[in-house]
Amino acid sequence: MTPALDLLKKVRAEHRIHSYEHDPKAASYGLEAAEKLGLEPLQVFKTLLASSEKAELLVAVVPVAGTLDLKALAQAAGVKKCEMADPAAAQRATGYLLGGISPLGQKKRLRTFIDQSARPLASVFVSAGRRGLEVELAPAVLAEHTQAQFADIGRP
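Heads up: the sequence shown at position 88 corresponds to 125 in our numbering, and the numbers run straight through without jumps.
By construction, these hints were calculated from the structure, which means they are not laboratory data.
There may be inaccurate statements among the hints.
Okay, derived cross-link-like pairs now, BS3-like style, lysine-lysine, Cα gap no bigger than 27 Å in a straight line [claimed, not checked]:
1) Lys-108 to Lys-47
2) Lys-73 to Lys-46
3) Lys-145 to Lys-46
4) Lys-73 to Lys-62
5) Lys-91 to Lys-108
6) Lys-118 to Lys-91
Given only the sequences and the hints, what does the whole structure look like? Please build it.
So this is what it looks like as structure tokens:
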């Protein structure tokens, strides 16, 4: 079990766990998950951390097939600018290793933004807190348990 799955179990949120054999040589953990689980890449989301000019860490959840628009994230967060967070800082704040950072069950509660492309989907897949482990849940459930807001932060 991971902190993400412990949280979902504790709050009795509806979810499904999916696992696959992770290849350490995979170029993209998110695209690997989509491929190995036979999913559309637009349904699989990666969790990225950015840092504002005030050194506030922000969580961005965007489709694995696209990229994070840092300007759009800054606008959504009401800050001047964002850059990708230092990997060590991301791991310390979340308690997860890179490639397995889940938006759920993080050590510190960070402001979280989910790309609005997730909103109309029946379910999305995000890291369950370990490489090779994904959790499927409704976008509204993800937003509720991360206290996230939906924003147009992803780019194809």
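Do the alpha carbons of Lys-118 and Lys-91 lie within 27 Å of each other, as the hint requires? At roughly 9 Å apart (the allowed maximum being 27 Å), Lys-91 and Lys-118 satisfy the hint.
Proposed proximity, Lys-62 with Lys-73 (alpha carbon, max 27 Å): 14 Å, holds
Are the Cα positions of Lys-73 and Lys-46 separated by 27 Å at most? Roughly 25 Å between the alpha carbons, so the hint for Lys-73 and Lys-46 holds.
Keeping to a limit of 27 Å between CA atoms, is the pair of Lys-145 and Lys-46 held or broken? 19 Å, holds
Keeping to a limit of 27 Å between CA atoms, is the pair of Lys-108 and Lys-47 held or broken? With a Cα-Cα distance of about 35 Å, the restraint between Lys-108 and Lys-47 is violated, given a limit of 27 Å.
Between Lys-91 and Lys-108, is the straight-line Cα distance small enough, at 27 Å or below? 15 Å, holds
Checked against the numbered hints above, the structure violates only hint 1.
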